[in-house]
Structure formats: structure tokens, C-alpha cells
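Sequences listed follow chains A and B, in order. Letter 115 of the first sequence, counting from 1, is numbered 115 in the working numbering, and no numbers are missing. Just add 1000 to the spot in the second sequence (first one is 1) and you have the working numbering.
Please note that a few of the clues may not be correct.
Below, a sample of chain A positions facing chain B; criterion: calculated Cβ distance under 10 angstroms [what the hints assert, rightly or not]: (1) W96; (2) S104; (3) L112; (4) L116.
Note that these hints are calculated values from the structure, not bench results. Glycine included, each C-beta is placed from N, C-alpha and C at the ideal position.
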Amino acid sequence: MALMRITSPHAHGPQKTSWVMQQVLLATVPGLIVLTHFFGFGTLINVLWASILALAFEALALKLRKRPIGFYLGDYSALVTAVLLGIALPPYSPWWLITVGMASSILLAKHLYGGLGYNPFNPAMVGYVVLLISFPVQMTSWAPPRGAGELPGLMEALQACFTPGNYDGVTMATPLDVLKQNNSLLVEDLWQANPQFGRWAGVGWEWANIAFLAGGLWLLYQRIFTWHAPVAMLATLTLMAALFYDGGSSASGGSPLFHLLSGATMFGAFFIVTDPVSSAVSVRGRLIYGALIGILIYLIRVFGNYPDAVAFAVLIMNLAAPFIDQYTQPRTYGHVKSGGGD
Amino acid sequence: MTDISYRELSLNGLWKNNPAIVQLLGLCPLLAVTGSVVNAIGLGLATTFVLVTSNTCVSLIRNVVSDAVRLPAFVMIIASAVTCIELLMQAFAYELYQILGIFLPLITTNCVILGRAESFACKNRFLPSIYDGLIMGLGFALVLVLLGGLRELAGTGALFADMDLLFGPAAASWQITVFEDYQSFLLAILPPGAFIFTGLIIAVKNLIDARMQAHRDANREKPVKGAKRVRVTGTIS
Chain A
1 MALMRITSPH
11 AHGPQKTSWV
21 MQQVLLATVP
31 GLIVLTHFFG
41 FGTLINVLWA
51 SILALAFEAL
61 ALKLRKRPIG
71 FYLGDYSALV
81 TAVLLGIALP
91 PYSPWWLITV
101 GMASSILLAK
111 HLYGGLGYNP
121 FNPAMVGYVV
131 LLISFPVQMT
141 SWAPPRGAGE
151 LPGLMEALQA
161 CFTPGNYDGV
171 TMATPLDVLK
181 QNNSLLVEDL
191 WQANPQFGRW
201 AGVGWEWANI
211 AFLAGGLWLL
221 YQRIFTWHAP
231 VAMLATLTLM
241 AALFYDGGSS
251 ASGGSPLFHL
261 LSGATMFGAF
271 FIVTDPVSSA
281 VSVRGRLIYG
291 ALIGILIYLI
301 RVFGNYPDAV
311 AFAVLIMNLA
321 APFIDQYTQP
331 RTYGHVKSGG
341 GD
Chain B
1001 MTDISYRELS
1011 LNGLWKNNPA
1021 IVQLLGLCPL
1031 LAVTGSVVNA
1041 IGLGLATTFV
1051 LVTSNTCVSL
1061 IRNVVSDAVR
1071 LPAFVMIIAS
1081 AVTCIELLMQ
1091 AFAYELYQIL
1101 GIFLPLITTN
1111 CVILGRAESF
1121 ACKNRFLPSI
1131 YDGLIMGLGF
1141 ALVLVLLGGL
1151 RELAGTGALF
1161 ADMDLLFGPA
1171 AASWQITVFE
1181 DYQSFLLAIL
1191 PPGAFIFTGL
1201 IIAVKNLIDA
1211 RMQAHRDANR
1221 EKPVKGAKRV
1231 RVTGTIS
């Protein structure tokens, strides 16, 4: 876990890796329930299939690296990666898409760099970005939410995943996408014209975001991570949205509330940005790290070409995290301030 | 230097001191144009041609050109060879010339070529220099083709597409579709794929080397247990 050099007293917390990972898994449950309620069984099947693959790939990588398989499988870290990627992927993704994603996450992003604790990039996000770059069609087709379209049943959902050739899915642009493509309607009219918009943001998306926020707050209460990075990220995202919000013209980037409750905002803030391995570790560093991710998310969402931005923003800042740590290393009490990072 | 063995030169160029995966020279074209086999063959041939030409000329003039101006002279020779190959490709493989684009003139700056001129051709006689250029070029081209093949296969599920760009209309039917109904995997064709596959090739090469070394070590005569070693002190001259 995060190796921050701190002074005594070195009080021990009871946190073990496996316990922390279990808490993270538990905290995703409300979000999973909401996603399943609004988008059908697709996300659950994603998560299950990804979990099976994660354990298989993890075992394979550990065997090749001659590490104790049982010990490392027991830390649940592969499962967390699988659940995070399964949630991030569009529901009703075909099995091979999830397989390629999990292989990239576990083999490429995690074990090629030395396994848990040594990966400079968040494995789930690497898997997501590999897929987004390679298979843009599959990755940008999201199922319509409950109310805006018919939800497939369990059998149909299984069919969509394992025999994708026989399945005709219905897809619909996500609210973020609709807002970005829009260049003629006022935001208010856009809300009227499209069934996927809900009370504050998209139907389903707003509740999913609130559920992930709840899970995140619970993790915060359990002291799995500190508040700095997520709060900084949400604050700068809000600030950017407020600065660029023009009251709802056709060129508007969307209101702050819309951005807070759209796409992967809350999921990213509490489950991705807080990754102890690939993020900055000092307190000031976490604030900077989170704040820059928030700014990047807004810029890529509104001015970029991809439907959501959390994965790209997080990966870019993963690159910058060691640099941020270098310049924000806390000064040991009694030592003179050194002249900038050295 | 009279004791250069051609066997040693071949082994160096193709494996032990391969310009692409051991010296890691010329990575820019290696990563940029190996999206397909035909691009890789085109650039590999062009680079080999330039290497042979520049090595030949450099070994011929090595006793005439003074040390102070040797680098400018080498670069002039290389640039002329590159211009030749550029004009040739423009004449005989125009589509490929367009695809390779800036990477053809950039062969001038490929470190492999100046490296061989500086470290081999300017110290050796005519024939070994030609041979060194040829074998180093082949070593580079083989890695290019291997990488191009891997990336084309992973990226599109087929091999040898568009070979008619280089080998004339008869080669248009050379394409082999390895996987039917394949979702194209764009990452392999994009630059990140080049980095990942180059890394994998280097890893496999190192693995083979390590295995061979282990094999050699196992076969070496083991010292007899209890045998005394002659103690040597002082300097040996």
C-alpha cells in the first residue's frame, strides 16, 4: 500500500489489504444495485464474467512469476479490479470485449509492472482505455435506461454476453453524449426532447452516481482513504462546470449538478481516484492530484471526442503522481525546508 | 584488421548485436511504420539499401577523409543514398512511398546507419563493410517484418494485406485471412501497440538468451570436488 515516509509514532492500523479490498467491494454494492435496476442485468453479468477472468489471469500471472498463488488471490485486489472494470463497461458487452479488457488490466497493467503495489497506472482504467481505443463502437453503445426503452431479461442479457452474434441490442446515446453532440437546442428543450434525461442528469445515471457517492462516503467513514483527493476532484469539476455554464444555451457544457451526477463522476471520485497505489500519497499531493483530475475530466468531457473522461484523466494524472509526490513531500519536524524537490 | 570472420559478423547483425532489439537504434521508424507487413518490408529494404551503400562508400573513403570532417562526410553520403532510394520508391512503388511519407527521408537520421559507418565501416576494408551493412540491414529489416506481422495479425486478423503496393498487381491476392470474422483490434495498429509488441519481442529474445546461457552453464565441465586450485599471486603479463 502507500509507502509514505512519516515520523513516529508508528501506530498500526488493523487494516490488511484483504480487509480493505473487501470493504471496497462492499461499497460498490449500492451502485451495482442501482445500475441493475435501471439498465438491467448487463452490468451484473459484466462483473461476474470479469471476476472469473480476473482470478484466472491473476493465477496464471502468479504461476508464471513463480509467486504463491493462494496468498495473492486471497488479497481480493484482482476482484476489485474486475468489479471496477465490469461497472465501467457498457452493460451487455460481449464476452470477448471483457476478456481483452481483463487481460490488459491484470497482465499488462498489473503484473508486467510487478504486481499489486507496483503498478504506476490504475489497472481497471488501463483495461478500460485499451478497450475504448480499440473498440470504439462497442464501448460507446450504452443500453437505454428503464423508462426510455425495453430492458432485456436475464436470458437475453446472458445471450448478449456469450453469443453476441445472435443478439440485437438496443442502444441509446448517454446524456453526456447527447449534450456534447447538441448544437441547436437550448438545454431545457434538450431535456424535453430526449427520454434519457431525468430530474438532474440522466435517468438512472443520477441515482447510480448518488449510490456510488453513498458507497464512497461509507468507505471514507471506514477510513479506507482520506477525503482529500475525491473532494478536490469534485470541487474542481464543479468549479469548471460553473465557470463554463452559460445558463443553458445550445453551446453550454452542462450545469455543475449535471456533471456531478453524470457518467462516472462519483464512481471515479471514490473508487478510482482513491486507488492507493497509483495516486499521489502526501496530503498536499492528493489535493493537487484530485484537483487536476477534476479539471481534466471537464476539459475532456466538453471539448474532447470521447463520451466520458474519467479514465483518461486518471491515467494522465497517474503519470504525474510521482512528480507531484516529489514536490509535496512533507517536511519532517525539526528539519529545514529543502530547496524544492530533490 | 584481417581476422574478421563473416560468421561472427552474421551472428552479430542478426542476433547478438541486432540493431533493433539489442542496440535499440532506429526506434522511431521501427515504432511508426510497422503497422503492416508491407510497410515493414518497404522500410526494411530501404534501410538495408542505405546501409549497404553508405558502408561501401565510407569504407572506400576512410583513408582519404581526415578525421575532423568525417562526420559531415558520412552524413552527406547517407543523405545521398537516402535521396536515391526515395526517388526509386517514388518511381516504382508510389503508393508505398506515400504511406511511408516522412519516414523515408528520416532514414538519414537513423542511428543504425551512422553508427555502423562510425564503428565499423571507417575502420574496416571494403568487403567486410559491405557484408556488415547487409547483415545489419537484414537484422533490422527482420525485426521490422516480425513486428509488422504481429501487429497486422493482432490488429486486423489478416496477414500480407496490400502487398501489391510493393510487389506489383500479382501480389494483391497474397492476403491471408487468419481469423474469420475478426473484430479489428485498433490498439495493436496504433503507436501503443508498437511499444507493447517491441517490448514483448525483446523479452522473448532475452528469455531465449537466458535459456541458452543456462544450457551452456549446465554443460560446462564442473570442477572436481576437493580439487586444489593453483594459487596465483602477483601480476600475469
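Against the structure, the hints:
Checking W96 (chain A) against chain B: minimum C-beta separation of about 7 angstroms stays under 10 angstroms; hint holds. At a threshold of 10 angstroms, the smallest CB-CB gap from S104 (chain A) to chain B is about 8 angstroms, leaving the interface hint in force. Because the beta carbon of L112 (chain A) sits about 8 angstroms from the nearest beta carbon in chain B, less than 10 angstroms, this interface hint is met. Evaluation of the L116 (chain A) hint against chain B yields a violated restraint, the C-beta minimum of about 21 angstroms exceeding 10 angstroms.
Checked against the numbered hints given earlier, this structure breaks only hint 4.
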